[in-house]
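Q: Below are the chains, spelled out letter by letter.
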Amino acid sequence: MAGLVREAAVEALADANMTWDDIDAVVVGKAPDMFEGIAMPELYLADALGAVGKPMMRVHTAGSVGGSTAIVATKLVTSGVHERVLTVAFEKQSESNATWGLSVSQPFNAALASGAGGYFAPIIRSYIERSGAPRNTGHIVAVKDRKNALRNPRAHLHIPDISLEMVEASPLLWDPIRYLDTCPSSDGAMALVIGSEAVADASKGPVAWVHGMAMRSEPTMFAHRDAVNPIAGRECAKDLYAQAGISDPRKDFDAAEVYVPFSWYEPMWLENLGFCAEGDGWKLTQEGVTAADGDIPWNPSGGVLSSNPIGASGMIRFGEAAQQVRGRGGDYQVELKTGRALGHAYGGGSQFFSMWVVGSQKPQN
Amino acid sequence: MRNVGVISYATSAVARDVVHNEIEIIVPVLGEAIERSTIPKADIGFVCSGSLDYLFGGPFAFVAGVDAVGAVPPIRESHVEMDGAWALYEAWCYIQTGEVDSALIYGFSKGSSGDPLELLTVQTDPYYTVPLWPSMSDMAALQARAFMHRTGATERDLAEVAARAQRNGMSIDYAVRADANANADALLSGSPLVSDPLRESDIFPVSDGATVIVIAADDVARKHCARPAWIRGFDHRIDPMGFGVRDLSRVASATKAAQKANVSAGSLDIAELHAQFSHEELMLVEALGIDPTKTSVNPSGGPLAANVLMGAGLNRIGEVANAITAGGANRGVAHVSSGPCLQQNLVCVLEGE
Amino acid sequence: MAEPMIADHIVEYPGGYTRSIGPAISRYLTGLRDGRILGVKSKTAGVLVPPVEYDPNTSEEIGGSDDDWVEVGPAGTVESFTWVRRPRAEKQPFSQPFAFALIKPDGADTAMLHAVVVSSPDDLSIGMRVMPHWKVARSGSVRDIEAWVPLPSGVTPPAAPPRTVNADGEGAVTGLIQPIKLHYTISAGVATTRYLDGMAQGKIAGGRAPGSTEVYAASRGTDPKTGEPTSIDVDIADTGCITTFCVVNIPGLSALAPPVPFVSAHVLLDGADNTIMALIRGCEAHEVRMGMRVKAKWAEKLTRTHHSLEWFEPTGEPDAPYDDYKDNL
Chain A
1 MAGLVREAAV
11 EALADANMTW
21 DDIDAVVVGK
31 APDMFEGIAM
41 PELYLADALG
51 AVGKPMMRVH
61 TAGSVGGSTA
71 IVATKLVTSG
81 VHERVLTVAF
91 EKQSESNATW
101 GLSVSQPFNA
111 ALASGAGGYF
121 APIIRSYIER
131 SGAPRNTGHI
141 VAVKDRKNAL
151 RNPRAHLHIP
161 DISLEMVEAS
171 PLLWDPIRYL
181 DTCPSSDGAM
191 ALVIGSEAVA
201 DASKGPVAWV
211 HGMAMRSEPT
221 MFAHRDAVNP
231 IAGRECAKDL
241 YAQAGISDPR
251 KDFDAAEVYV
261 PFSWYEPMWL
271 ENLGFCAEGD
281 GWKLTQEGVT
291 AADGDIPWNP
301 SGGVLSSNPI
311 GASGMIRFGE
321 AAQQVRGRGG
331 DYQVELKTGR
341 ALGHAYGGGS
351 QFFSMWVVGS
361 QKPQN
Chain B
366 MRNVGVISYA
376 TSAVARDVVH
386 NEIEIIVPVL
396 GEAIERSTIP
406 KADIGFVCSG
416 SLDYLFGGPF
426 AFVAGVDAVG
436 AVPPIRESHV
446 EMDGAWALYE
456 AWCYIQTGEV
466 DSALIYGFSK
476 GSSGDPLELL
486 TVQTDPYYTV
496 PLWPSMSDMA
506 ALQARAFMHR
516 TGATERDLAE
526 VAARAQRNGM
536 SIDYAVRADA
546 NANADALLSG
556 SPLVSDPLRE
566 SDIFPVSDGA
576 TVIVIAADDV
586 ARKHCARPAW
596 IRGFDHRIDP
606 MGFGVRDLSR
616 VASATKAAQK
626 ANVSAGSLDI
636 AELHAQFSHE
646 ELMLVEALGI
656 DPTKTSVNPS
666 GGPLAANVLM
676 GAGLNRIGEV
686 ANAITAGGAN
696 RGVAHVSSGP
706 CLQQNLVCVL
716 EGE
Chain C
719 MAEPMIADHI
729 VEYPGGYTRS
739 IGPAISRYLT
749 GLRDGRILGV
759 KSKTAGVLVP
769 PVEYDPNTSE
779 EIGGSDDDWV
789 EVGPAGTVES
799 FTWVRRPRAE
809 KQPFSQPFAF
819 ALIKPDGADT
829 AMLHAVVVSS
839 PDDLSIGMRV
849 MPHWKVARSG
859 SVRDIEAWVP
869 LPSGVTPPAA
879 PPRTVNADGE
889 GAVTGLIQPI
899 KLHYTISAGV
909 ATTRYLDGMA
919 QGKIAGGRAP
929 GSTEVYAASR
939 GTDPKTGEPT
949 SIDVDIADTG
959 CITTFCVVNI
969 PGLSALAPPV
979 PFVSAHVLLD
989 GADNTIMALI
999 RGCEAHEVRM
1009 GMRVKAKWAE
1019 KLTRTHHSLE
1029 WFEPTGEPDA
1039 PYDDYKDNL
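Residue numbers (our numbering), protein chains in the order written: chain A, 1 to 365; chain B, 366 to 718; chain C, 719 to 1047.
Among the clues, some could well be false.
[Stated by the list, open to error] In silico EDC-like cross-links for lysine to aspartate or glutamate, where the CA-CA straight-line distance does not exceed 20 Å: (1) LYS822(C) / ASP612(B); (2) LYS759(C) / ASP612(B); (3) LYS809(C) / ASP480(B); (4) LYS1044(C) / GLU129(A); (5) LYS899(C) / ASP480(B); (6) LYS406(B) / GLU1031(C); (7) LYS1044(C) / ASP280(A).
[Unchecked claim] Heads up, incomplete: computed chain C residues facing chain B, CB under 7 Å, no partners named: (8) VAL729; (9) TRP801; (10) LYS809; (11) TYR902; (12) GLY907; (13) VAL908.
Hint data in this document are derived by calculation from the structure and do not stem from the laboratory. Note that beta-carbon positions come from the ideal geometry of N, C-alpha and C, so glycine has one too.
Excised from the complex, chain A in its bound form (with noise of 0.2 Å):
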C-alpha cells in the first residue's frame, strides 16, 4: 500500500522539481476504508507520504473523493496558510473486493439485493425512457473510452479490438447495463502537487492553472427527486462556469474528463454539465462530439471505464484535465484552443459532486 502511493508522490514531486522538504502539508484522499481494511490508513502513510513533522488530513466524500481532495488541498493554498501542498488519492481494491466493500449492509437497512448496478441501471432506464436515446448510445462510449484507453499506457484496461459488437456481444448483467458498459476493479493512486501564484509563476514546467472549484451534495433520497440530472451536479456546474468564465463549455473546453463509471453516464452528464440541453446528451455521443477526434473530447485518458481505483478515480478526472492543459497528454493530447480543461468527479447516489477548470493561462480576474 505504501509503495502504490508513494510511487504517484514521488513521479509528482519530479515533475515539479520538488523534494519533501518544500512541501507545507499533505492531504490524502479515498474511499471506504473497508476496502482495505485499515481504518484512517493516512497515519500509517505518513512517512511514506513525507508528512511526518507537517499537517496531513484525510478527506472522505464517496466516489467523489478524489476531486474534493484537490479541492480541499487547493484551499489550503487559496487560503493562504500554506504555499505547496502535495494531495494523494488512492484505492488499493485487491485487498478486498468493491462488491463486498461497498455493501457491507447494517441490520435494519432494506439490504440491496442487486449490487452497486442494480443501483445505478434503473437511473439509466430513467434517463433512456426520457431522452429517447437509442440503445446503443451506451455502447458507443464504451468502445471511444476503451480506444483512448490504448492511448494512455497507464490505463488498466487494454482491450485492442475493441468493438461495438464486442460490447453488445457481453453479457447483460443489470438490462440495460451490459458487462462492457461497466468499470473495471483496480489499484491506483494519484498525486498532485498544488502550488501558490508565486510557486507557480516560478515553476520551471508547465502550470496548469485553477480557474474554478466547486463542491456540492444533496441527499441520496427525496421526494420527487431526480436521480437522472441531479440538481446538486447542475448548481455545482453553474457555480463553477460563474468562476471560471465559462459560457458555452462545449466551445471553451478542450477536454473534459469526467467521471463515467458506467458507459450512459456520458450522455447524461453532458446534459447535467451543461454541454446541451436536457435531452440531448445522447445526439452528441451518437454525433462522435465526445471522441478524440471530436469538438469536445471526453475522457481522452479513457476514464473510470478504463481504470477505477474509487478513491483515486477523481482525482484522475482532476489530474488528466491539468495534463491536457499541461500539453502532458502524450499519445492522447487534445489540441489546445482555448487551453482550458474540465475535471469532474461524483459519488454517492449521484448526491456528492465535485469539479474544477483548470487553464494553460494564469486567470484573469
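Following the hints, complete the assembly by docking chains B and C onto the known chain A.
A: Relative to chain A, chains B and C alone:
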C-alpha cells in the same frame, strides 16, 4: 488572515443510546447549535463533518449526516475521516479564501456500537501490529509506562488526573462519567487495572453523541455573537506511526503544533486537552508548555468525562470557546489528537476581544 | 414507543484481506519465517526493527541494497510493557494474561511491539532481557515468534528450530492474508423501528415533517430536504406504481436475491412522495414496465423485519400515466 470566531456550540453524550440511530443523534444537537448561532441555516456557507466508518460498522457513515443537515437546495459540503476538529480546520481554511463567511461543523459516533478499545486497532500498522492486535488501551499503556519511566510520574499521579476529571465532569451536562467525590485513593484501590498501569478510571468512557460548532468571520461573527471566541492560532502535525521510531515518552508533533499556533505568545486561562487516557493529560501539559498552576486544565473533565469519538476533539474547541464567550476566560488552548499513542495532534488557540 | 430494536452485526471480509507487501516487509517476514530478525539501516534513526521502506524522519527510501540489511537479536531488552489482564482471545496471541512490550533487539536502535510471556506482571521490568520463542510452523508473519520470554543472565539464546516445511516453499514471502472480524451492536433508531413495527402488521409506515406536506415511505428520521424530523406518522398504501427498474441477470449477488433474471424496481407508493427500492415478482421479468401498477406481497408470517414485505407484484390495473411519476425518476 481573516478573523474567524466560534459563535455557537452544542453537544450531547450518553454512555449508550439504544433508541436512536446516528441521524437521530445528530439532529437535535445540530438544531440547537444552529438556533444558538442565530444564523439562518440557508445562509451558512459551508458544512463539514468528521466521522469514522469503522465506528459506524459500515461504509459511508457521513452520508447520514447529509440527511440530518437537510440538503435541498444542495449545499457546499465536505467530510474528513477524522475527528470533527479537522473538519473545523478545513472550514477555517475555506473561510480564509474569502469565498464563504460561515461554516457548520459536526462530529459524531456511537462508540457503544462496538468496543472502541478493540476496534481502533484497525488503524495501526496492518503488517506488524494488527496480527498481534494490541487494544487501544494496551498501546496507551506502553506509552504511559515510557512517560512514567522518563519523568518519574506515578500511578497516583495518573489517578489524580482521573479523579479530577470525574469531579470536573459534574460541571457539564453531557458527562458520561462524573462523580463529585472522586478521589485518587478510591480509584487506586477500587478501579480495576485493565492494561497496567492503566486502570478503568484512566481510560475514557465509551460514549454516544454528537458535537456541533458554528464559526463565522469578522462582522458576521460579531453580528451573531456578543463575544466570539476568535481563532488566533491553528496548526496540526503528525508523527510517524511506528512505536519504536518515535520517543514514545514525548509528543513531538504536539509540541511542534503548539509552537506553530503560538500557544506561548500569551497567558492561558484554560486548556482543553484531548487526553483519552490519564497520562496523556500529563504528557500534553508538558508538550504544550502549559503551567497547570496558572491554567485551568480540562475544567470540563475532558475525554475522561465524555468521549464521543470523532466529536470529542471538537468538544475541546467548543469548551474553550464556551469559557471565552461566557466571559470566564480570555485566552485558551484546545488540543485534539488522532491515531495510536497521540500520533497526530492539532492545536487551536482561542481568544476573546 | 415500542421496545428499541438492536441487533448484532459483524463486519468481516470473507477469507481475510489479501495484502501485497513491499520489499522491506517482504524481507522482514521472510526472515522471521527463516528464524531470523532483520533490521534495516537508516541515516537518521540507526537500525530500524521492524524495518520500514522510508526513513521516518526524512522519508528517504531505504533498504535498497543488501548491505543496508543486518540481522539483529535474537536477545533483546524490554523498553516498556503492559500486562493484559483480560486478553481478547479471538484476536490476541494468548487467552491467559500476558504482556505486550516494546522490545529492542540487540543491535537495533528501535523497539518493536510484541508479546512477552511470564507468569505474573511482577516478573516484568524495563530493562529486562528477553529472547524470542519461535514457532516451529512458521509462515512469514510477526506471529512466527510465539512470544518473547525472559533470558536468564549468562545464557545464549538458542537458534530458531528448523521450521516445518510446508507448501509455501522457500521463496520470499510476498503477501499475507489478514482476517479481520469486528463485532457491533446496532440500534435501528426511532424512525426505522416505527417502519419495522408497521412491517409486523403488514403496513407501510410513513413519516412527514411538520413543516412539509411531503410524505416519506421508510423515512430515515428526517425530511432530507430540511433535516426536520419526520415526527408525524402517516400510513401509506401498499399499492403503487413502478417508476423505473432494472433486470438483474447476475446470480449470487446476495443471499436475498431470487433466481435470475429478477427485477429490482423503484416503487412510488400511493400516498408517498418518494420511491422505495423493491423486488418485483409475480410476472416474467420482460413483462415489467415503467408505470406498472403493483401491490405488496406480504409474507405469511409477519415479523418486525423487512422480510415481511417480500416483493411487489402486478395488480392488473391499467398502467399509471407517465405524468403521475415523471417527477420521481
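Q: Taking the numbered hints from earlier one at a time, note which ones the structure violates and give those numbers from smallest to largest.
A: The structure conflicts with hint 6 only, although it agrees with all the remaining ones.
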